[in-house]
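Enquirer: Listed below are the residues making up each chain.
Number of protein chains: 2
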Amino acid sequence: MTKAIFPRVLIASTSTVHGRPYLEYASDIIIEHFASASKILFVPFARPGGISHDEYTSIAADYFIGLGKEVRGAHTFENCQDAISWAEGIFVGGGNTFVLVKELHEGGWMTAIPKAVDAGLPYMGTSAGSNVTGMTMCTTNDMPIVYPPSFKTMGLVPFNINPHYLDPDPSSKHMGETRETRIKEFHAFNTTRVVGLREGSCLWLKEGGLRLTGELPMRFFDGQSAPREIAPGEDIHFLMDWAR
Amino acid sequence: MTKAIFPRVLIASTSTVHGRPYLEYASDIIIEHFASASKILFVPFARPGGISHDEYTSIAADYFIGLGKEVRGAHTFENCQDAISWAEGIFVGGGNTFVLVKELHEGGWMTAIPKAVDAGLPYMGTSAGSNVTGMTMCTTNDMPIVYPPSFKTMGLVPFNINPHYLDPDPSSKHMGETRETRIKEFHAFNTTRVVGLREGSCLWLKEGGLRLTGELPMRFFDGQSAPREIAPGEDIHFLMDWAR
Chain A
865 MTKAIFPRVL
875 IASTSTVHGR
885 PYLEYASDII
895 IEHFASASKI
905 LFVPFARPGG
915 ISHDEYTSIA
925 ADYFIGLGKE
935 VRGAHTFENC
945 QDAISWAEGI
955 FVGGGNTFVL
965 VKELHEGGWM
975 TAIPKAVDAG
985 LPYMGTSAGS
995 NVTGMTMCTT
1005 NDMPIVYPPS
1015 FKTMGLVPFN
1025 INPHYLDPDP
1035 SSKHMGETRE
1045 TRIKEFHAFN
1055 TTRVVGLREG
1065 SCLWLKEGGL
1075 RLTGELPMRF
1085 FDGQSAPREI
1095 APGEDIHFLM
1105 DWAR
Chain B
865 MTKAIFPRVL
875 IASTSTVHGR
885 PYLEYASDII
895 IEHFASASKI
905 LFVPFARPGG
915 ISHDEYTSIA
925 ADYFIGLGKE
935 VRGAHTFENC
945 QDAISWAEGI
955 FVGGGNTFVL
965 VKELHEGGWM
975 TAIPKAVDAG
985 LPYMGTSAGS
995 NVTGMTMCTT
1005 NDMPIVYPPS
1015 FKTMGLVPFN
1025 INPHYLDPDP
1035 SSKHMGETRE
1045 TRIKEFHAFN
1055 TTRVVGLREG
1065 SCLWLKEGGL
1075 RLTGELPMRF
1085 FDGQSAPREI
1095 APGEDIHFLM
1105 DWAR
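Chains as they are written, first to last, in this note's numbering: chain A, 865 to 1108; chain B, 865 to 1108.
Next comes chain A alone, as it looks inside the complex:
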């Protein structure tokens, strides 16, 4: 009798909540998510602020060393297969989604990582690293500073993520689009459902299904009816319906 493998995916809106240390807001979840992993592969390709892969890896390593884990940067391996063979858990950090997606496609990671996750490797992403868990990167907030070979992403979940989801500011005189307007525009050209994740929120897929963590509701856009708020604790299994 074979044991079913449940993909384990932790999708965090952000790495850092205002006024608290790096990843600290989600530590309880991260500890449980990576309970079976002592070797964490860190993917630094999103290069926030253009920092180097080594610099970025050392930030993630500082955090995970505190949890008793070993960390290596994805850029220190010969190729994605070697890196994934070594890893017991994978963490894709935030930064620029275009830079990240270009590198993930060019290095073969965009197909290799989902295979490993299907086979049981726990995945965690923050911000851009969360965007790439969706079907496409088309709901990123980032600036298109490099041209990726495709906007398709890993599809670890059958919808798209909009991290750092921001509510409209009724006092603003700025004539740029609100986030909600942008997602509505996305749905003029696409049918993929979108989850707007507010700061401090995570979507957590594990045995038993998908749930929303944190204190804030998520905002859900199905592209047909009006957007709606879904609170932590509400049943969101319908989001994992691939056959929609």
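No lab work stands behind these hints: they were computed from the structure.
Among the hints, a few may not be true.
In this list, chains with the same sequence are indistinguishable; a pair is considered to hold if it fits within one copy or across any two.
Derived DSS-like pairs: lysine-lysine, alpha-carbon spacing no greater than 27 Å straight-line [what the hints assert, rightly or not]:
hint : residue 1 : residue 2
1    : Lys-1016  : Lys-966
2    : Lys-979   : Lys-1048
3    : Lys-1016  : Lys-1048
4    : Lys-1048  : Lys-933
5    : Lys-966   : Lys-1048
6    : Lys-1048  : Lys-1070
7    : Lys-1016  : Lys-933
8    : Lys-1048  : Lys-903
This structure is a prediction, so every number in the text was calculated from the model and none was measured.
Based on these hints, arrange chain B on the given structure of chain A.
Expert: Same frame as chain A, now just chain B:
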């Protein structure tokens, strides 16, 4: 003796300043810019909010009819050559830069328009229509809701535009990047200079050179030294140095 032709390009940060009607803030400039043009070709491809080409064209037509101009939408012509032959002036409206750039490349406009501008056709763009006057669309603020075949744009000016330029909000607890951080990230991967155009500002290229209109300074990023403020009236001819 031949008469030298000066390209005429009006690059507006936005179509609408808070609390004022469509394009009204720039009417004096628009009237002078299109003084010789009674037939305006409107390019509606950026589809703000996903509206149709006809709907969008009627908004622009309402404005230009008030100035005594005839307006036709680019989508009503067989091809870009026919449209440009008809036009005495061209106005590319704002919306989503990715949607606009995809359409401009696929229909041959991305090369046909610059040729016509070089030959004397006055060009005006707002927002996304301003982004495409630069070297690339890599400093747009828009969401990548469709995948264009390239991020290269018209290069009517030898730098990039960031329209709707926003200063950092010191009171914000939002952990997303500021506009300045994003442009700094752009310069980690690119050398093209960037002009951040604030609401109500235009860059206006005509006989006699380039100048900044409006009441606010622009913010200039050369990718090497610290960003700097440049006020209307300051000499900005250095920006037109193609041989940099």
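Enquirer: Each hint needs a verdict: does it hold in this structure or not?
Expert: Status of each hint after checking the structure:
no. : hint                 : verdict
1   : Lys-1016 to Lys-966  : both (10 Å within a copy, 17 Å between copies)
2   : Lys-979 to Lys-1048  : neither (32 Å within a copy, 35 Å between copies)
3   : Lys-1016 to Lys-1048 : both (19 Å within a copy, 26 Å between copies)
4   : Lys-1048 to Lys-933  : neither (41 Å within a copy, 33 Å between copies)
5   : Lys-966 to Lys-1048  : both (26 Å within a copy, 19 Å between copies)
6   : Lys-1048 to Lys-1070 : neither (30 Å within a copy, 38 Å between copies)
7   : Lys-1016 to Lys-933  : neither (31 Å within a copy, 44 Å between copies)
8   : Lys-1048 to Lys-903  : neither (40 Å within a copy, 33 Å between copies)
In the structure shown, a violation is registered for the earlier hints numbered 2, 4, 6, 7 and 8, in ascending order.
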